[in-house]
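Participant: If you read the sequences in order, they're chains A and B.
Under the working numbering, the residue at position 6 of the first sequence is numbered 6, and the numbers go up by one with no gaps.
Under the working numbering, the residue at position 235 of the second sequence is numbered 235, and the numbers go up by one with no gaps.
Honestly, the hints are just simulated from the structure, not real lab data.
Cβ atoms here follow ideal geometry from the backbone N, Cα and C, with glycine treated the same way.
Treat the hints with care, as some may be off.
One-sided and incomplete, this derived list gives chain B residues near chain A with beta-carbon spacing under 7 Å [what the hints assert, rightly or not]:
hint, residue
1, GLU97
2, THR166
3, LEU170
4, ALA174
5, GLU177
6, ALA180
7, MET181
8, ALA184
9, LEU185
10, GLY186
11, ILE187
Chain A stretches covered by chain B per the calculated footprint, using a threshold of three residues with CB under 8 Å from any CB of chain B [unchecked claim]:
hint, stretch
12, 67-75
13, 205-212
Not close to chain B: a few residues of chain A, all C-beta gaps over 12 Å, as computed [stated by the list, open to error]:
hint, residue
14, GLY60
15, ARG80
16, GLU99
17, GLU105
18, ARG106
19, SER144
20, ASP225
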Amino acid sequence: MSGPNVLEVRGLSARIAGQQVVHDVSFEVPASGVTAVLGRNGVGKTSSLRAILGLIERSGEVLLDGVRVDAERTDRIVRRGVGYVPEDREVFAGLTVAENLRLAERGGSTAEHRELVDTLFPDLVRRAGQRAGTLSGGQQQMVSLARALLNENRILLVDEPTKGLAPRIVTEVAETLAAAARTVPVLLVEQNLQVVERLAERVVVIDAGRVVHTGPARALLDDPDLVQRLLGVSAGEHDPSGEEAATTAEAGR
Amino acid sequence: MSTLILLLATGLGLGGLYFLVASGLSLIYGLMGVLNFAHGSFLTLGAFVGLAAGNLVGAGTWGGLLLGLVVGALTGAAAATATELGLIRPLYDRHIEQVLVTVGLSLATVALFEGIWGPNPRNVTRTEWLASTTDVLGAHVPNTAFLNVLAAAAVLGGIVAFLRYTRYGLIIRAGVENRAMVTALGIDVRRAFTLVFAVGGAAAGLGGVLATQSLNYVSPHMGASLLIFAFIVTVIGGMGSLTGAAVASVVVAVLQQLANFYLNNTGDLIVVLLLALVLLVRPSGLMGRPA
Ligand SMILES: Nc1ncnc2c1ncn2[C@@H]1O[C@H](COP(=O)(O)OP(=O)(O)OP(=O)(O)O)[C@@H](O)[C@H]1O
Ligand SMILES: [Mg+2]
Chain A
1 MSGPNVLEVR
11 GLSARIAGQQ
21 VVHDVSFEVP
31 ASGVTAVLGR
41 NGVGKTSSLR
51 AILGLIERSG
61 EVLLDGVRVD
71 AERTDRIVRR
81 GVGYVPEDRE
91 VFAGLTVAEN
101 LRLAERGGST
111 AEHRELVDTL
121 FPDLVRRAGQ
131 RAGTLSGGQQ
141 QMVSLARALL
151 NENRILLVDE
161 PTKGLAPRIV
171 TEVAETLAAA
181 ARTVPVLLVE
191 QNLQVVERLA
201 ERVVVIDAGR
211 VVHTGPARAL
221 LDDPDLVQRL
231 LGVSAGEHDP
241 SGEEAATTAE
251 AGR
Chain B
1 MSTLILLLAT
11 GLGLGGLYFL
21 VASGLSLIYG
31 LMGVLNFAHG
41 SFLTLGAFVG
51 LAAGNLVGAG
61 TWGGLLLGLV
71 VGALTGAAAA
81 TATELGLIRP
91 LYDRHIEQVL
101 VTVGLSLATV
111 ALFEGIWGPN
121 PRNVTRTEWL
131 ASTTDVLGAH
141 VPNTAFLNVL
151 AAAAVLGGIV
161 AFLRYTRYGL
171 IIRAGVENRA
181 MVTALGIDVR
191 RAFTLVFAVG
201 GAAAGLGGVL
211 ATQSLNYVSP
221 HMGASLLIFA
231 FIVTVIGGMG
241 SLTGAAVASV
251 VVAVLQQLAN
261 FYLNNTGDLI
271 VVLLLALVLL
281 VRPSGLMGRP
291 A
């Protein structure tokens, strides 16, 4: 039965090409709201998500709704109700928008899910026959999000959904995620601290493949020294009141 | 003029055979990253078993040929499916080992076929029509060329329709692009692997029976010799590209015929030179995506 945490990661380590990129990472994702994973570039945020999904060689425990899934294949884990929105979208460029979405439907997809996606992304309905490879970055991100939202999920794993997008699109993506997070918990990797502030209740900060901080998002964002120390962003660069300025952890590097 | 027509027509017929082998190779490589050296064995087995089945109905009859083609395709599909499930799947994502296993299987099966059917080619009995020629603008075109082209076109059309209109086709097209992402959508891509092997094996088995009609013999080695050119065709067309394989099949076979006739039997050499040229100028092949 589902405990308070939808996802628990215990002592997760992962390697890519023989190199260890995730070291003994542990954290929990509660059954509602947004948990943000923060950290500078290359510290292992994406690798942690990929390790949870079994897309890279890993060891340690991963529990979904209290059930160990770390020995299972990726497709099995996903069918348990994990929606994955990967870094860089990874839409199928040669397939049409409609085909990308059709492929993503896991059987549990209902008319309601389709309706929701059509309402959230009217642009995709208009472009159903267009090859996904010819979409703009923002439109591709919509396809990637739509693929996850088409299904009944226990959790969404979303990796830098605002990366490389214009400020207005960043806002749109954030709103979409906020809407999604009302019904499904989200584990969100995000560099844009304004998006984090808007969406996340909790943060997990990773550095050099290890968890170095966990706690309420507020406590971190309100402590410029901590932000500077953990993310390398100086307090001045982080402007919570700014509407569209894209302050990212990258900026501090 | 009639010589040129004859060479073009026989080239097309040979290209049809190449395509029947190359289509499976290309699909398998495109989706799974496996160079399947056992593909020639599917062809040979399909040829022997298909002919044997046809002979039950009657050697040299249309009914026998039809049954032979169907049984040949089914045999190829069954052998390929067994290979995928028994040898390839346990080595999931270990490409070098997978390739080595297919090399081993091809060597072992040729020896096995020699043991069962003897090392030497055996003549086959064809229908009267297939054993004769048709006059095309003065050229005596072997009728087997028409049959091969027809079969290759049907297989191409069938595979294209399968890829375009079925869910598994969708999974395969997506998997050729980004296999990990397919699994990350909750799809067991291994079923698509088995299916691709089965489809490729069926095309090869069909090609095996057809090849016996063109060559007028069946032999344990026929798969291996066709496989070499099918590999070249696959590389020239672009690994993983079905249309690339179709175009390259025709180009390679026609060029081979022309060079054999006009340039002193240098067909094989010319084909290898073409391969080198393509690899230098367009390493991803005519229609392959750049790596
Ligand atoms: N395919 C790969 N081959 C080799 N090393 C890799 C590969 N992918 C990632 N790495 C390494 O693993 C480490 C962690 O990378 P990862 O992508 O998980 O970081 P990240 O925190 O998501 O970074 P970013 O914020 O830039 O997306 C990095 O040092 C990176 O160089
Ligand atoms: Mg990343």
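Participant: Now tell me if each hint is right for this structure.
Facilitator: Now the hints, each set against the structure:
Using the Cβ-Cβ criterion of 7 Å, the hint placing GLU97/B at the interface with chain A is not satisfied: the shortest such distance is roughly 17 Å. Because the smallest distance between the Cβ of THR166/B and any Cβ of chain A comes to about 11 Å, over 7 Å, the interface hint for this residue is violated. At a threshold of 7 Å, the smallest CB-CB gap from LEU170/B to chain A is about 6 Å, leaving the interface hint in force. Using the Cβ-Cβ criterion of 7 Å, the hint placing ALA174/B at the interface with chain A is satisfied: the shortest such distance is roughly 5 Å.
Below 7 Å, beta-carbon pairs count as interface contacts, and GLU177/B has one with chain A at about 5 Å; its hint therefore holds. For ALA180/B, the suggested interface contact is upheld, since its CB lies about 6 Å from the closest CB of chain A, less than 7 Å. Restraint check, MET181/B versus chain A: the minimum CB separation of about 5 Å is within 7 Å; hint holds. Restraint check, ALA184/B versus chain A: the minimum CB separation of about 5 Å is within 7 Å; hint holds.
With a cut of 7 Å, the hint placing LEU185/B at the interface with chain A holds, because the nearest CB-to-CB distance is about 5 Å. Below 7 Å, beta-carbon pairs count as interface contacts, and GLY186/B has one with chain A at about 4 Å; its hint therefore holds. Against a cut-off of 7 Å between C-beta atoms, the interface hint on ILE187/B holds, since the closest Cβ of chain A lies about 6 Å away. Under the rule that three or more residues need a Cβ within less than 8 Å of chain B, the assignment of the stretch 67-75 of chain A holds, with 3 such residues.
Evaluation of the coverage hint for the stretch 205-212 of chain A: breached, as 0 residues show C-beta separations to chain B shorter than 8 Å, against a requirement of three. At roughly 19 Å, the least C-beta separation between GLY60/A and chain B is larger than 12 Å, which holds for a residue marked as non-interface. Some Cβ of chain B comes within 12 Å of the Cβ of ARG80/A; the nearest lies about 9 Å off, and the non-interface call is violated. For GLU99/A, the condition that its CB be more than 12 Å from all CB atoms of chain B is violated, with the nearest at approximately 6 Å.
With a cut of 12 Å on Cβ distances, GLU105/A falls inside the contact zone with chain B, its closest approach being about 9 Å. Distance check on ARG106/A: its Cβ comes as close as 5 Å (rounded) to a Cβ of chain B, failing to clear the 12 Å threshold; non-interface status is violated. With 12 Å as the threshold on Cβ separation, the claim that SER144/A sits away from chain B is violated: the shortest Cβ distance comes to roughly 10 Å. Taking the minimum C-beta to C-beta distance to chain B, about 38 Å, the non-interface status of ASP225/A holds against the 12 Å cut.
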